[in-house]
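Residue numbers (the numbering used here), protein chains in the order written: chain Z, 1 to 414; chain B, 1001 to 1414.
Keep in mind the hints are simulated off the structure, nothing from the lab.
Backbone N, C-alpha and C define an ideal beta-carbon position, used for all residues, glycine too.
Please note that the accuracy of each hint is not assured.
Unchecked claim - List of simulated lysine to aspartate or glutamate pairs, EDC-like, C-alpha gap at most 20 Å:
#1 B/K1408 - Z/D193
#2 B/K1101 - Z/E375
#3 B/K1408 - Z/D235
Unchecked claim - If the Cβ cut is set under 8 Å, some of the chain Z residues that face chain B in the computed set are:
#4 S249
#5 R309
#6 F311
#7 I315
#8 G373
#9 L378
The residues making up each chain are set out below.
2 protein chains.
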Amino acid sequence: MTTLEIMGQNAKAASRVLMTAGAKKDDALNAIAQALIQNSGKIIKANDIDIENGRAAGLTESLIDRLKLDQGRIEGMAKGVAEVAAQPDPVGKILEGRTLKNGLKIEKITVPMGVIGIIFEARPNVTSDAAALCLKAGSAVILRGGKEAINSNTAIAEVMREAVEQSGLPRDCVQLITDTSRQSATELMQLTDYLDVLIPRGGAGLIKSVVNNAKVPVIETGVGNCHVYVDKSADLEMAKNIVYNAKTSRPSVCNAIETVLVHKDIAKEALPLIKAELDKKNVEIRGCERTAAILGDSVVPACEDDYAREFLDYILAVKVVDSLDEAIDHLAKYSTGHSESIVTSDYAAAERFTSCVDSSAVYVNASTRFTDGGEFGLGAEIGISTQKLHARGPMGLSSLTSSKYIIKGNGQIR
Amino acid sequence: MTTLEIMGQNAKAASRVLMTAGAKKDDALNAIAQALIQNSGKIIKANDIDIENGRAAGLTESLIDRLKLDQGRIEGMAKGVAEVAAQPDPVGKILEGRTLKNGLKIEKITVPMGVIGIIFEARPNVTSDAAALCLKAGSAVILRGGKEAINSNTAIAEVMREAVEQSGLPRDCVQLITDTSRQSATELMQLTDYLDVLIPRGGAGLIKSVVNNAKVPVIETGVGNCHVYVDKSADLEMAKNIVYNAKTSRPSVCNAIETVLVHKDIAKEALPLIKAELDKKNVEIRGCERTAAILGDSVVPACEDDYAREFLDYILAVKVVDSLDEAIDHLAKYSTGHSESIVTSDYAAAERFTSCVDSSAVYVNASTRFTDGGEFGLGAEIGISTQKLHARGPMGLSSLTSSKYIIKGNGQIR
C-alpha cells in the first residue's frame, strides 16, 4: 500500500466514527480553536521557515504576504474555527419525507460525505478553515497544501490532530499530505477507493489539472470571469457605483468583474462617467472600437482574449453592445458561470437577464462582489462552485453533506 | 472540429433555447409519444435488423429479449414519455430565499443542467426514456447506446428529433451518437467544453470505464451489492418473506440482495426457514462455516469474493454474524452503498442500523426491492445513484436540475 492509500484507509475509519459523533464534533472544533492560540508560537516559528524559503525562492511580496502568519492571523484562524463550531449541525436534517400507500415511511436525510480531499495553494489559513468545515459536516479530510506553506501547514495540522484526539475523536479525522510533489497531488486525485469528493481551491491552473487528472468526484471552484451589463435603461449613477465597486474593491478575488458591457444607446453618456470613477484607481480600460471612439486615446484596444480572461488586476475590458440579447450572447460565450449583474430600470430586461444568463449568481442592480457564503448568509464557505453538479455558487456546510433515504416498514415486500 | 465537438456545440445551442422553453417542452414530449406510435412500423423494422445481427453474433436469448421491440413495447415507451410530460416542471422551483439586512433579495432556484450525456447498454427503450427525462428537465441530451441496438436507437432518435422540431424546439435537443466504437464513448466522456454531466446506465464494467476515463462530471449509477441483516430479535416469518422477495422477485436488478447476514442467536431457527422458502426457486446458497453447520451439505462454501459480488442470479451468500456491529462492519467493507435492510423488532437495533449503515437506501423491516424512483414516489427515474455527490439513490427529474442564485437589489455595493 502507498502512503496515500494508508491515509485513505485511516480517513475512512475515522469517517465511520464521525458519522454518529454528534456534538463531539463541536468539542473537537473548540479544542482546535484553543490549541491554535496556545501553540501560536510553534506555528509562527514554522511559518518563519516558509517565509525565509519563500524570500530565497524569490516569491513576490504579495505572495509572501499571503503566506505570512502572525499572532493576529492565528487568532483569526481560531475565531473562524470556533464560528464553525457554533453553526447548526448540517448532518441529520430531514430534507423530505412521506408515507407511501403501502405504509412504508420514507425520509431523505442529510449525511456526511465520508472522506473529503482538499487541494489548495498558498494561504496556510485554509488548512484550519477547510478542516473545520469538513469536521463539522461529519467528514474526515485529507489536506494537500502548496509546497510554499508546507512547514506552516504541518505545524497547524499537528496542532489540530492533537486537539481532535484529546477531545475523544480519532486524530485521523484530519490528515495532511506532507509530500508536496506533483505526484502526490495526482495520486490524491485518483484515490477512488477512499475519497468521496475532491475540492480544489486555487487558480485556473490547479482547477484545470484536477479536471484533467481526477478520477474521484470533483467540485470545481473559483474561476470567475464576471460581468456587469449596463442596460439602456440603467440609472447611470448606480451603474457607475456598481462597476467601480465590482472592479476595484478587491480586484484579486473571483467575484470581481473583468468586463463591462454597455448598451449602445447610453454608451456615450455612461462610459465617460464610469471611466472618471475608475480613473481614481488608475484602472486600465481595454475597449472595443466603439468604446475607444467615445473615451479616446487612453483606451487600450481589446483583443478577443481580453474578454475571456480573469485579469484579477486593475484592468477592465469594455464592450459596447447593440442589445440586451447581444449581452446575453456575450456571456454565453465568455462567462465562466460565476457572477453577472445587470444594471437596469426596465422590468422585462431584468427578468430576461435573470432567466437567460446561466451563472451561479445573477444580479439585478447590485455588485457581483456579494457572491460569498458569508454575504449570502450561509456561514463560512469552502469555496464557490462554478459547475452545475451537487453545489453551485457559494458552498456552505450543507454543500459538504450527502443524503440517504431511510425507509421504515413492517414487513412490506414488492 | 470532431463530429462529437460539433454535436456538443449543437447541444449547447439547443440547451439555451430549452432554458426558457417552459410548456413547449411538454408539447415536444407529447409529440414524441405520438410519433413513436405512428412510426412503430419503421422502428420495428430497424429493430428486426438488430435482432438478426444479435442472433448472428450469438447473443443469449435473455439479451435478445432485452433488445426486442414490438408494438406493445413501443406503446409502453410512448406511454412513458407522455407520463414524463405530465409531471410537474422541475425547473424554476424556488428552493430557498431570504432578504438580507442590506436589502438584497436572494433566491435559489432550480435551473436546467445544460447538456447531459447518457451512455447506456442494450435496451433500446432507454433512448426514449432518458431523452424524455432530460428534455423535461430543460437539458439537451447526447445519447450513446450500445452497438447491439444501433439500428433501433437510430430509428427512435430520428422519430424523436423530427417530433421535437415539429413542436417548435431545436431538433438538437436530442442527439444520438451513431458511432458505437469504444473511441466515441471515450471522446464523449472527455467532452468537457460541452457536457455538464454524464450519466452511465449499465453494468459494473461500463461504470468502471467511465470512472477511469471521464473528465466531465459523472453520476455513477446502479451497481448494487445489497444485503438483508436478520437481527436476533427479528420476526422470523417476516425475515423469511423479506429475504425471499428481495432475492427472488427479480434477481437481475440492482436492488435485489446478494447476501444475507444472520445473527448467531437465531441462526439455527432462521436459516432452515429461509432456506426452505428459497428452495422454491432453487436458490443456491453460498454460506460461511456456521451456515453450513446448520444447513448441511447443500451449502456451497462461500469464499471472500462471494461477499463482494453481484450475482444477479438465483445465488445468495449467507453469513452468520456475532452481533449487529459485525453486520455493520461487514456492510462497511462489502456493500456498494445501494440498499440494505435490517429485520428486527428491537428499537435500538433499528436506530443503530439506520444511523451507521452508509448506503443510499437503508430499510427497517422491508424488502430492498423498493429502491426505485416510481416506488419512492419520484416518478420515472434516470437511474439509481450509488455515489454521494449531487444525487444519491433513485434519481427523478429533480436530480437532473442544477440551481442558481438570483439576487435583486437597488444599487447595493460591498
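Regarding the hint that Z/F311 lies at the interface with chain B, is the smallest CB-CB distance below 8 Å? It is violated, given that the least Cβ distance between Z/F311 and chain B is near 19 Å, above 8 Å.
Are Z/L378 and chain B close enough, Cβ to Cβ, to be under 8 Å, as the hint says? Since chain B brings no Cβ nearer than about 10 Å to Z/L378, farther than 8 Å, the hint is violated.
Distance restraint between B/K1408 and Z/D193, which requires alpha-carbon spacing of 20 Å or less: violated, 43 Å
Is the straight-line distance between the alpha-carbon of B/K1101 and that of Z/E375 20 Å or less? OK: B/K1101 and Z/E375 at ~10 Å, within 20 Å.
Given Z/I315 as an interface hint, is its Cβ closer than 8 Å to any Cβ of chain B? violated, 20 Å
Status of the hint placing Z/R309 at chain B (closest C-beta pair under 8 Å): Check failed: Cβ of Z/R309 comes no nearer than 17 Å to chain B, outside 8 Å.
Hey, B/K1408 versus Z/D235, does the alpha-carbon distance stay inside 20 Å? holds, 15 Å
Interface hint for Z/S249, Cβ within 8 Å of any Cβ on chain B: holds, 6 Å
Under 8 Å, Cβ to Cβ, is where Z/G373 needs to be relative to chain B, so tell me if that hint holds or is violated. violated, 11 Å
Hint compliance for this structure: hints 1, 5, 6, 7, 8, 9 are broken, all remaining hints hold.
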